[in-house]
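Peer 1: Each residue of the sequence shown is one higher than the one before, starting from 1 at the first, in our numbering.
I should point out that these hints are in silico values taken from the structure, not numbers from a laboratory. Cβ atoms here follow ideal geometry from the backbone N, Cα and C, with glycine treated the same way. Some clues are possibly wrong.
[What the hints assert, rightly or not] With a straight-line cut-off of 25 angstroms between C-alpha atoms, the simulated PhoX-like cross-links for lysine-lysine are:
#	residue 1	residue 2
1	90	45
2	99	13
3	125	152
4	90	74
5	125	166
[Said to hold, decoys possible] Label pairs and their calculated CB-CB ranges:
#	residue 1	residue 2	range
6	33	98	15 to 23 angstroms
7	191	28	36 to 44 angstroms
8	2	54	20 to 28 angstroms
9	182	157	40 to 48 angstroms
10	89	228	23 to 31 angstroms
11	149	84	27 to 35 angstroms
12	43	18	21 to 29 angstroms
13	58	16	37 to 45 angstroms
14	29	93	33 to 41 angstroms
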Amino acid sequence: MNVLTKKLRAPIKEFEKRCLQNIKGFANEHSRAIRPDVAYGNAQKMPLEDESVDLIVTSPPYASNAIDYMRAHKFSLVWFGYPIEDLSVKRQDYIGGEKVTHIQYEALPDFTAAIVAEMSSLNAKRGAVLHRYYSEMTRVLREMYRVLKPGKAAIVVIGNSVMRGKDTETHNCFADIGRSIGFQVPKIGVRKLDRSKRMLPAGTKTDTHSQIQQRMHEEYVIGFYKPEHSW
């Protein structure tokens with residue numbers, strides 16, 4: 001029998017201590033002339049004025065919960081006061097969730113619509129899940145276009161998912177959706193990843209030999225540019 005001899009630390013106190021360390025380090029490394037403004041909101045309906053943002057850098061969720069975000073965040077949510085019994089309901093509201101009823105689906109541009117149609121031909125439920133994901137990300141990209149100033153850029157880092165053996169081609173679909181909204185997409189870069197250093201856990205339905213795990217060695221960096229006004 002193994003006996004635990006290491007003294008366990010109080011997690012909430014350790015969390016508070018680490019937060020204070022991070023805040024102190026951030027304050028020391030950055031100019032006080034820069035005033036951070038942290039806002040709570042939904043990326044599909046941002047609390048920001050039109051054409052008020054100079055640069056967007058973001059990394060949206062994977063399609064179809066390939067990364068189990070709730071599993072990664074659940075302890076923090078409980079510590080912040082969310083009832084544990086509410087977490088499964090909250091999971092359904094995450095972008096890329098499995099719920100497909102009472103969802104506002106968007107009309108998708110041709111390339112993305114073809115990817116969704118092919119998935120639907122393999123599995124109707126998976127096709128609906130993928131349509132939900134690209135509908136939600138259409139609204140996110142539309143909001144990004146709205147708040148971004150003309151002549152400015154958005155950098156989106158995303159990884160692809162595999163559903164029913166089919167690559168969702170997320171990077172190409174994002175570019176397709178972005179162009180349909182009005183963005184230019186001058187470049188899509190590829191960044192190699194060390195899977196052993198991944199911070200977020202894979203979804204519970206995946207295993208180390210699954211296709212999504214095998215594809216998690218790279219991610220795509222998409223450059224979106226909002227053109228200057230033509231007038």
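Peer 1: Of all the hints given earlier, name the ones this structure violates by number, lowest first.
Peer 2: 2, 3, 6, 7, 8, 9, 10, 11, 13
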